[in-house]
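S.K.: Each chain is listed here by its residues.
2 protein chains.
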Amino acid sequence: MNGPAADDHSPWMPFESRRRARDEKREAVLRTAVHLFLEQGYHRATLNDVAERLNITKPALYNYFRSKEEILFECWALGQEQVDEIIAGINVSGENGLGKLRALVRAYAATMATEFGASMVRFNPRDLSPDNEKTVRAAKRSIDRTFRRYIADGVVDGSIKPCDPKLTAFAIAGSLNWIGHWYQRDGALSPEAIADEFAIRLTEGLAARSTKKRSAIKAPDGNNNRKRPKGGLHEHHPRPAARAADQPGRAGHRLRRPPT
Amino acid sequence: MNGPAADDHSPWMPFESRRRARDEKREAVLRTAVHLFLEQGYHRATLNDVAERLNITKPALYNYFRSKEEILFECWALGQEQVDEIIAGINVSGENGLGKLRALVRAYAATMATEFGASMVRFNPRDLSPDNEKTVRAAKRSIDRTFRRYIADGVVDGSIKPCDPKLTAFAIAGSLNWIGHWYQRDGALSPEAIADEFAIRLTEGLAARSTKKRSAIKAPDGNNNRKRPKGGLHEHHPRPAARAADQPGRAGHRLRRPPT
DNA sequence: CACATATATTACTCATGGGTAATAAAAAGT
DNA sequence: ACTTTTTATTACCCATGAGTAATATATGTG
Chain A
1 MNGPAADDHS PWMPFESRRR ARDEKREAVL RTAVHLFLEQ GYHRATLNDV
51 AERLNITKPA LYNYFRSKEE ILFECWALGQ EQVDEIIAGI NVSGENGLGK
101 LRALVRAYAA TMATEFGASM VRFNPRDLSP DNEKTVRAAK RSIDRTFRRY
151 IADGVVDGSI KPCDPKLTAF AIAGSLNWIG HWYQRDGALS PEAIADEFAI
201 RLTEGLAARS TKKRSAIKAP DGNNNRKRPK GGLHEHHPRP AARAADQPGR
251 AGHRLRRPPT
Chain B
1 MNGPAADDHS PWMPFESRRR ARDEKREAVL RTAVHLFLEQ GYHRATLNDV
51 AERLNITKPA LYNYFRSKEE ILFECWALGQ EQVDEIIAGI NVSGENGLGK
101 LRALVRAYAA TMATEFGASM VRFNPRDLSP DNEKTVRAAK RSIDRTFRRY
151 IADGVVDGSI KPCDPKLTAF AIAGSLNWIG HWYQRDGALS PEAIADEFAI
201 RLTEGLAARS TKKRSAIKAP DGNNNRKRPK GGLHEHHPRP AARAADQPGR
251 AGHRLRRPPT
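Chains as they are written, first to last, in the UniProt record's numbering: chain A, 1 to 260; chain B, 1 to 260.
Calculated directly from the structure, the hints in this document are not laboratory data. Remember, predicted model here, so these are calculated numbers, not experimental data. Don't take every hint at face value.
Since the list gives no way to pick one copy over another, a pair counts as held whenever it fits inside one copy or between any two copies.
Below, computed lysine to any residue pairings styled on SDA-like, alpha-carbon distance capped at 25 Å [claimed, not checked]:
| hint | residue 1 | residue 2 |
| --- | --- | --- |
| 1 | Lys134 | Ala207 |
| 2 | Lys140 | Asn63 |
| 3 | Lys161 | Ser93 |
| 4 | Lys140 | Ala188 |
| 5 | Lys140 | Asn48 |
| 6 | Lys161 | Glu192 |
| 7 | Lys166 | Asn63 |
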């Protein structure tokens, strides 16, 4: 199954120059871990597997993480960070309800096609420590509330026809989350194609029937759902936070290390 | 967490009359197992947990199943059986594409709100033996093909407006499968309410704009999407196959027992 | 070079939990 | 009742894999 020839490009060269920065290695661990966790499942993938793929041995991992559970949590956190940035960007975009919903659907779909994105929905929160589990569940609730809010906003501003925000949010989020289960990174569909298609398909049934050409309420020129103003929002090739740790990330959980 | 007081209604009375039929016990094991597997995850739930809830001890389980993995597979199989019956019923219903799709959405949604139904999407096929994993993956593909076929049929017969069956099927199935992740059996929403809502919401964006009042193409009287002709199709309270074993079920995997 | 620090290795511990062996207690058959 | 079969129990085995201790090897620094 996991043959010995798996040296994609690990910062640890088999037995030579090892001088790369600490954080790059930390992230390499997470990339390998999330890949194996998704492929085999958290419980079936062992830390030996992870270490072997990186040309190191299991105890070396403990220089970067305190436990397997922490690795799991950090994988989830990297996906969650992407979503947080997406939502933060949309919240200041000034779009109407439907516009915000579409932007969220689009960016969220693309995130689900990444491994860290998929980890948000493929991992079982029950495998985390009680504290981390609480954190994850709170974040999930927050995402759900965001979907509902955009929908409710749209109903109020007239861009979305009346509907039950709760069930509608469930239906849309379900479609999106499911991407994390079926999307094959080597398949025929590109993340962009999926994102575009879903942004249309999932919202077309919701758009209010042109009740007064309200749909383009605050976008003078044509930047309707093309490119976000600035800041994160993922730039269509969301390589997992290649160095999200130079400056201390705004969240309090980047770049921690075991007691010493 | 799992306190000692958990004797819902186990066929094994703590220390008295034990004379119920074998198959009832077998199913009781599956009901308890699927519940714990969903609650704690397959790997965290132990066979000791399962046995304890049934007022027996772990080795007693091996009178009914050969391994933990077999229990997992049988849980999945009970859910799959429901879906097979649903699809078989719809296939002979004579509805048009949209009608079949709506019927499937409705019944599938209700199944996802059961524990055996949820097990189809919450369990990781990788935890099964290679053979069983193949079986499961084949069944999943088959369901996917069914969704796509109904959609494609609808596009051809004019009841569904042109769309990409593959992505549309993914979107709809995703919403439905996700029910298995969020639905709480003790919550405010009834399975019927969800099923009804989803049947409408997920297909309203697809219905062709009355291109010639084709939508009721083959239903002389008004039985449009109300009640299925006969056969299975779940009757709104799909209690998990309470005795699906009296007659040897049409599938070949009911009522097996360890070597003796 | 000597010393400190960071990072890796080898060789272990040890709890967990699936599964089995031997045996006892019911149920069923005669 | 006596025998057979089914179903349960107690008491184990043992593979697995997370995590640790002791130690070695770079790497950089005064």
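S.K.: For every hint, state whether the structure bears it out.
M.R.: Outcome of the hint check:
{"no.": "1", "hint": "Lys134 x Ala207", "in the structure": "neither (35 Å within a copy, 41 Å between copies)"}
{"no.": "2", "hint": "Lys140 x Asn63", "in the structure": "neither (30 Å within a copy, 41 Å between copies)"}
{"no.": "3", "hint": "Lys161 x Ser93", "in the structure": "within (21 Å within a copy, 33 Å between copies)"}
{"no.": "4", "hint": "Lys140 x Ala188", "in the structure": "between (30 Å within a copy, 19 Å between copies)"}
{"no.": "5", "hint": "Lys140 x Asn48", "in the structure": "neither (31 Å within a copy, 32 Å between copies)"}
{"no.": "6", "hint": "Lys161 x Glu192", "in the structure": "between (27 Å within a copy, 23 Å between copies)"}
{"no.": "7", "hint": "Lys166 x Asn63", "in the structure": "neither (44 Å within a copy, 45 Å between copies)"}
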